[in-house]
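There are 2 protein chains.
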Amino acid sequence: KGSIDSSCHATKPDMLNVHLVPHTHDDVGWLKTVDQYYYGDRNDIQHAGVQYILDSVVDQLIKNPDRRFIYVETAFFYRWWKQQSSATQQTVKQLVDEGRLEFVNGGWCMSDEATTHYSAVIDQMTIGLRFLNETFGPCGRPRVAWHIDPFGHAREHASMFAQMGYDGLFFGRLDYQDRAHRMREKEQELLWRASDSLTPPMADLFTGILPNGYNPPEGFCWDQFCDDPPIRDDPDLEDYNVDDVVKRFLAIAKNQATVYKTNHIIMTMGSDFQYENANLWYKNLDKLIHYVNALQAKGSKVNVLYSTPSCYLQELHRANLTWALKTDDFFPYADDAHDFWTGYFTSRPALKRYERISNGNLQICNQLEVLGGPVSRKGPFGEGDSQTMKKAMAVAQHHDAVSGTEKQHVANDYARKLAEGWQHCQVVVSNSLAGLSSSSAERIYCDNLNVSVCPLTESSKKFSVNVYNPLAQPVNWAVRLPVNGTAYSVSDAKGRSVDCQVVPVSRATQNVRRNRGFAVNELVFQVQAPPLGYTIYFVSLRQDGPPPASTQPRPPTVIKNKFLQVTFDPDTGLLSSLSNLETKQTIKLTQNFYWYNASDGKNMDSSQPSGAYIFRPNSSTPFGISRTAKTETVQTSVVQEVRQWFAPWVSQVVRLYTDSRTLELEWTVGPVPIDDHLGKEVITRLDTSIKTSEIFYTDSNGREVLQRRKDFRPTWQLKQSEPIAGNYYPINSRAFIKDDEDQLTVVTDRSQGGASIQNGSLEIMLHRRLLYDDFRGVGEPLNEISSIFPEGLVVRGRLLLSLDRPPTAADTHRPLAQQVVLQPLLTFTDGELNSNTRLEFSGLQAALPPAVHLLTLTQWDKDKVLLRLEHQFQSWESKRNSKPVTVNLQKLFSTLDVLGASELNLSANQWKDEMSRFDWTPQTDHSDWEVTLRPMEIRTFLLRVRLR
Amino acid sequence: KGSIDSSCHATKPDMLNVHLVPHTHDDVGWLKTVDQYYYGDRNDIQHAGVQYILDSVVDQLIKNPDRRFIYVETAFFYRWWKQQSSATQQTVKQLVDEGRLEFVNGGWCMSDEATTHYSAVIDQMTIGLRFLNETFGPCGRPRVAWHIDPFGHAREHASMFAQMGYDGLFFGRLDYQDRAHRMREKEQELLWRASDSLTPPMADLFTGILPNGYNPPEGFCWDQFCDDPPIRDDPDLEDYNVDDVVKRFLAIAKNQATVYKTNHIIMTMGSDFQYENANLWYKNLDKLIHYVNALQAKGSKVNVLYSTPSCYLQELHRANLTWALKTDDFFPYADDAHDFWTGYFTSRPALKRYERISNGNLQICNQLEVLGGPVSRKGPFGEGDSQTMKKAMAVAQHHDAVSGTEKQHVANDYARKLAEGWQHCQVVVSNSLAGLSSSSAERIYCDNLNVSVCPLTESSKKFSVNVYNPLAQPVNWAVRLPVNGTAYSVSDAKGRSVDCQVVPVSRATQNVRRNRGFAVNELVFQVQAPPLGYTIYFVSLRQDGPPPASTQPRPPTVIKNKFLQVTFDPDTGLLSSLSNLETKQTIKLTQNFYWYNASDGKNMDSSQPSGAYIFRPNSSTPFGISRTAKTETVQTSVVQEVRQWFAPWVSQVVRLYTDSRTLELEWTVGPVPIDDHLGKEVITRLDTSIKTSEIFYTDSNGREVLQRRKDFRPTWQLKQSEPIAGNYYPINSRAFIKDDEDQLTVVTDRSQGGASIQNGSLEIMLHRRLLYDDFRGVGEPLNEISSIFPEGLVVRGRLLLSLDRPPTAADTHRPLAQQVVLQPLLTFTDGELNSNTRLEFSGLQAALPPAVHLLTLTQWDKDKVLLRLEHQFQSWESKRNSKPVTVNLQKLFSTLDVLGASELNLSANQWKDEMSRFDWTPQTDHSDWEVTLRPMEIRTFLLRVRLR
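Keeping their order, the protein sequence lines are chains A and B.
Mapping of the first sequence onto my numbering: position 772 corresponds to residue 772, and the numbering continues sequentially without gaps.
Each number in my numbering comes from the position in the second sequence (counting from 1) with 1000 added on.
Don't take each hint at face value.
As the list claims (entries may be wrong) - Derived lysine-lysine pairs resembling DSS-like cross-links, with alpha carbons at most 27 Å apart: (1) Lys1063/B x Lys287/A; (2) Lys1093/B x Lys93/A; (3) Lys1063/B x Lys82/A; (4) Lys1082/B x Lys287/A; (5) Lys1093/B x Lys63/A; (6) Lys1093/B x Lys82/A; (7) Lys63/A x Lys1082/B; (8) Lys1063/B x Lys63/A.
Said to hold, decoys possible - Among the chain B residues that face chain A by a calculated CB cut under 10 Å, a handful are: (9) Asp1035; (10) Tyr1039; (11) Arg1042; (12) Asn1043; (13) Gln1051; (14) Tyr1052; (15) Asp1055; (16) Lys1082; (17) Gln1083; (18) Ser1086; (19) Arg1232; (20) Asp1234; (21) Glu1238; (22) Glu1276; (23) Asn1279; (24) Lys1417.
Hint data in this document are derived by calculation from the structure and do not stem from the laboratory.
Note that the Cβ used here is the ideal one computed from N, Cα and C, for glycine as well.
Chain A extracted, bound-state conformation (with noise of 0.2 Å):
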């Protein structure tokens, strides 16, 4: 810490040292594009441009060495680096090294913290923290985490950022009550053990919760966007202020002063897009520094000074006093009594699950381009790349992007991004898979089977299926292909046949597909493929087979396989009952879909309507859309499927695999009908016999699981004051209920919102179509139309249930999440393949242990890949998995030789000891090769490798 040392101004030891921090927040998108954000077009939506910003910056740092500047999003930093002369460059790599730019948070956004998953988050910040380290060295890592607008606040957040190394982490946003309580209790800045499972302090995280929001004080607001009066300070003109302005300080200081514990105080000086004239804050900040340090002449006992985090950080580490602790969260947020951002845990829900679907493909994207070799960047295919979609993924992570929360041009952007990542990174897979199957035959990607739409099955009469697995288990999974035969054959690697059917395709389908396709049906059939690779499936269609499978009109009494049972309500066509055979347990499970009436924000407790952010029911009570369900059903060796139609705009299919432990939900809502005028945040519910005692509990980035309670937060006395809204958590990828013998888990595709309102109830949020702006900037209802669907956005999703004992629950979702995470990509080639084409390959020597997930496979460079394991079990969960676990890294790949491995911090841009570097030489085959895994825990490497 030495730098910080020299770098940060002296404070006064009895004084109150006021931190005046200036800083910009510029987001990755939000109204505007990340680009457009970035050059300032389309200021007539709002005036914004982060090139002018940094031009600026820089300017008026050279101008006075006193100032100082923090910098976050390494999105725009990044952006703007590559256009500078070297010169500029020179300059700026100057400022960094004294202290004087400093970088803060240094991901590539400034990630949201509801609705996004851990591995995007840790990829998001590792390109950001490379990016400055490899530009800037050691004095360009930053060393707190700033996360000043999302609207609340993971526990896994703080425990990845304590596990990249922050010393600590700065935010704006908590519950007002909250930030009441703290305000009183002088907590406003506390240590948050962010990990039940990681052995402190390894997640343990300072937190600072800052004064305004990221505002600066009333009345001192300088930028362009400001009206606050300048200071003026010629007696020869009008309107001499500087004895008003500097009283005006020392009263808000010393007010401000009464909340936090030490003598040290932090302002931010800036908001969003501010500094785009730098000048205008810094040459009244350098003004108001002199005229109220001018009065310690006179006894005053406040001393001001520019700083940034890191230095106000270092001082209330010397003040050496204790913190309050947290083990919770900070979610859901409120700003005031009606004012819940809950809404945008669901918000977008195509974009959200598209996300999803595109962090997928990036990592097989960068596992393929690693098991491939250079060949899979230059190959049969042409010249592809991982970065495109690594940068598009890693926007998307930005806290008005996954999260719903942009205009609707923005999300479409998000979205065409990433599509065209997707674009660059198919050249890489298919150029790795050529090289891996020495067939260069060309390769064919269905990114529409959700909604059975691929010509090439549609019409082929033969065809092969490439599956590839990028979990470091083997894998089951049920492929689904649309065809327009009534009869096919399957085989598979080794030429088995394999057991497959055809059904019709659903009438659900039929209209959300719209003329993108036209097959009549589905192609059902499950597959294997190893871990960390592809097989392949052939499939050709048969002139003389069997008729496909017909539906029956009504619903089977009960649907079974040797795994589950469930039972249907003939009256309603409800679910009524799920069993686990293996278990021998039963639960009552009533399941039907509602709407909340979104408020108008007419009534008269508050005027806040419902919006992209804020969820505000009319009523507590939801308005059902059906009691009963009209049903189809189909049932065949390989899948069991009833098809309930519950609205014109609301269907499901309640699916179970032969070979599944968990029931499929596959529900689709939409357009949402609003020719009445109202609102909509359509919901499903499950209704349970478990005993949930107003408990239930919901993941944290995908990754440990919290405990939340009807009405209830552990560090203060909540006033509830929104009974649906208030007790809505994100589930991100999955949510359950519990008692002790009955543990319903439902693993969800994407992140929604939830909440468990009765006793035994689970409701989920799927869609929202909402008529009003609510208020908190983007200005627009979110009412998502497309060009595909003008009416209103349709929305297709899957829960996958799962009913066990609360001891080995986690067993089972723990692998099934990631399954949905890390879904098998399938790629086709039309005919027959070359004979010499390899039909199976695994990356691994073995598939790892349950408890290890293989988080990051990555190229670093051109002989180094990067790589993270992971324990995926909390410490109490599994008693068969929740314990620690080793792995050889030199037994790890079946194709890669490890030469050297190096441990780094997890966003890799730090070693993990930096004192004593990592490094095995590879000739001796050292038992240090073994890598002990604890529950929870995330061991980043970066290995050289050599390709066999």
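Model the placement of chain B on the given structure of chain A, informed by the hints.
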């Protein structure tokens, strides 16, 4: 012009050269006060901060030596300059020396052209240009006059600019029909012959009309206030648009070239208060220049460059073409068929009068500072200065100041500044008069004599009146003092008794003075004061005097003195005829008050309402206020008054002093009633028997007179669309109508709008009260109230009528108008004067000839004074006076020895003959001390003087 040559970028003779001129237009007050604009205060009203503009531009000029900028308003530059470090000052000097920062115009402000008096314009130009001259030397001397925003252009302004040594004038606003015609004829660049009296090319000025007002072409505004797309030239980011931008630019350039004569065109890249963040502009302009010129390699024939008006002008000059000659002016200005900017000729009549009085007071202050010597600035009454008032007057000349087109709070600020300036000047005046008179007795100023308020005279039984005459000729002046006694005796400096009369204060005056004074009578007597000097009158209350004059309830049919006879219609109480008894001429003359119903913008032709700028009556026929006047008459040996009462809000005194050749019409208008929700534009109309043939005459800025013809413009075929507003012209100091026999001249006491709509008639707009904003930015209806007049402003003024034979009329109106502009200053001393008080003083050895006006006498530095002598007659207007006249500089002053004299240009920032400096030694009584003035000539001298 060596430095111009070297600092201008090279152009390409075989190409179309596009001169990009980065500029900011910084109003010296408008929606905010000048200091609010300077600091960037009250950005809630309008975002604008000039300090930051100059900071930013200097920074950006340094970054790239190709860049250019022009700066205009020295009021702002001066504020900024004195706050800069010497290092910054040095940098700026270098930028100026290298022509990278060029001053254009360079006056304290960009003056209004319709409502400003030439003497105040010359003063404000002088202080601005002097600052530049003394700060930067010759490289800081503006070569181009830049009047891009004033709302119409006065010929006298062009004449002054020519005499100030400007090479050319550029402006942005002219009548839309005129522009269309000039575009067709390629006459947007022309030669303006701006005087009919001065020998060409003395008042010839090259004049260029800018292509887009003063804005950039559409789509190319890159300021922070603009939303045009920036140049996005990073192919890695979205929306690369270089090709599109270049294509659009070339199209605009080529189109613009079709309406100008040469292969050079100019584009103004800036606008109101732009360049606060100059980086936005320059970064994109750099790119524009780069990409447009890059196309030359592919055969493009367009060359774009950073330029300045001087560099552009130089290229036009080199083109060596002939240019259309213009001899009239650019009034009135219309930007559409129903949008005549002729309302501001009258807007804020009280401010217009206060500005005119202040000009007189400043001249007196300047003169007495010289005549009194150093004791004037620091003497028995403390420290005083003329500088404060010089600056206050200078900002008041701005085109949103005396024009009346600023917001109310800004108008208040201008008035406050003038009052503050006058406070500083009063100290100078008191000190100087104390020195000159050898009496340090307390000196009282009564600034409210126009409404008969003066606490001293109201209560004192014995006091003296010092009458200071700033003219170079002796003056006769009627003094009216509020008193409460019924009889007084008055004696002059020689002890001679002076005829005086006590008349009752009129009802109108009682109404209008509110509670500021309580005098029941006015003491009236005629004074005579020596040239450039004072005399003292003594007033004593008489216990035994005659009763005051009484008012008679009805009008006489005739009032007369030895010069004039006025008749009244006994039925209506209105004037009916006017006779000059000396010339034996009589005209019929009826005069009454009317109001136009201001358009509220809701009728069908256009939605344009009347407002601060625009005059648009709803109908061409004004409403009469009353067909008859109630009258009272007071007739005494000193004055005869007919007091006319038209309505509670309109009254008038028709006043004839015994010694006067002019008839005074003292009108009082207001509060203009608006309870009928109709905006009103109040006029008085003189209807005469003079056969005017639809022609009348108005002065230009108080100097040369221009002929105006109804529904006619000298240089293009007018399509008249507003029969009243489209015939209004600015009257600065006088207007007249005439035929072969009779000329009726009206001298005004302030700037007003006027027209001659009917044969023989002359109307003058006196007051305006409007209920709507007129959409030209001011954002307020012109609806003046004040703390004294909360129900609406009351305004009082005077029209002075003279009837003469046309060939001799100027002999009357020229001196008369100067008497109104430079009226005597009365100061008062209570009680007896010290016996050794000097009772009379003249600074001149002798009165100057009637043709010569002492325009300027002001201290320049320790031992130098600035002198301007003016021939105040046009070459054609007076047989007696329109001929050259000679003055001997050394024999001018009675108390100053003139040790040397150097002639300067009109604005005193350049030696008249730069080649051979005009400087005599004092010992030789050389005949060259003789200075000859030809008609309308102003000669400016710097005199080295020594107080005797």
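Verification of the hints:
1. Lys1063/B x Lys287/A: 26 Å, holds
2. Lys1093/B x Lys93/A: Violated - the C-alpha atoms of Lys93/A and Lys1093/B are around 31 Å apart, more than 27 Å.
3. Lys1063/B x Lys82/A: 19 Å, holds
4. Lys1082/B x Lys287/A: Cα-Cα ~16 Å, so holds.
5. Lys1093/B x Lys63/A: 19 Å, holds
6. Lys1093/B x Lys82/A: 34 Å, violated
7. Lys63/A x Lys1082/B: Judged against 27 Å, a Cα distance of about 19 Å means the pair holds.
8. Lys1063/B x Lys63/A: 14 Å, holds
9. Asp1035: Holds - the Cβ of Asp1035/B comes within 10 Å of chain A, reaching about 4 Å at its closest.
10. Tyr1039: 5 Å, holds
11. Arg1042: 7 Å, holds
12. Asn1043: 4 Å, holds
13. Gln1051: This hint holds: Gln1051/B lies near chain A, its Cβ roughly 8 Å from the closest one there, short of 10 Å.
14. Tyr1052: 6 Å, holds
15. Asp1055: 5 Å, holds
16. Lys1082: For Lys1082/B, the interface hint holds, since the closest Cβ of chain A sits about 8 Å away, which is under 10 Å.
17. Gln1083: 6 Å, holds
18. Ser1086: 16 Å, violated
19. Arg1232: OK, holds: Arg1232/B within 10 Å of chain A, min 5 Å.
20. Asp1234: Check passed: Cβ of Asp1234/B comes within 6 Å of chain A, closer than 10 Å.
21. Glu1238: Hint on Glu1238/B: holds, closest Cβ of chain A at ~4 Å, below 10 Å.
22. Glu1276: It holds, given that the least Cβ distance between Glu1276/B and chain A is near 6 Å, below 10 Å.
23. Asn1279: 5 Å, holds
24. Lys1417: Cβ of Lys1417/B sits 9 Å from chain A, so the hint holds.
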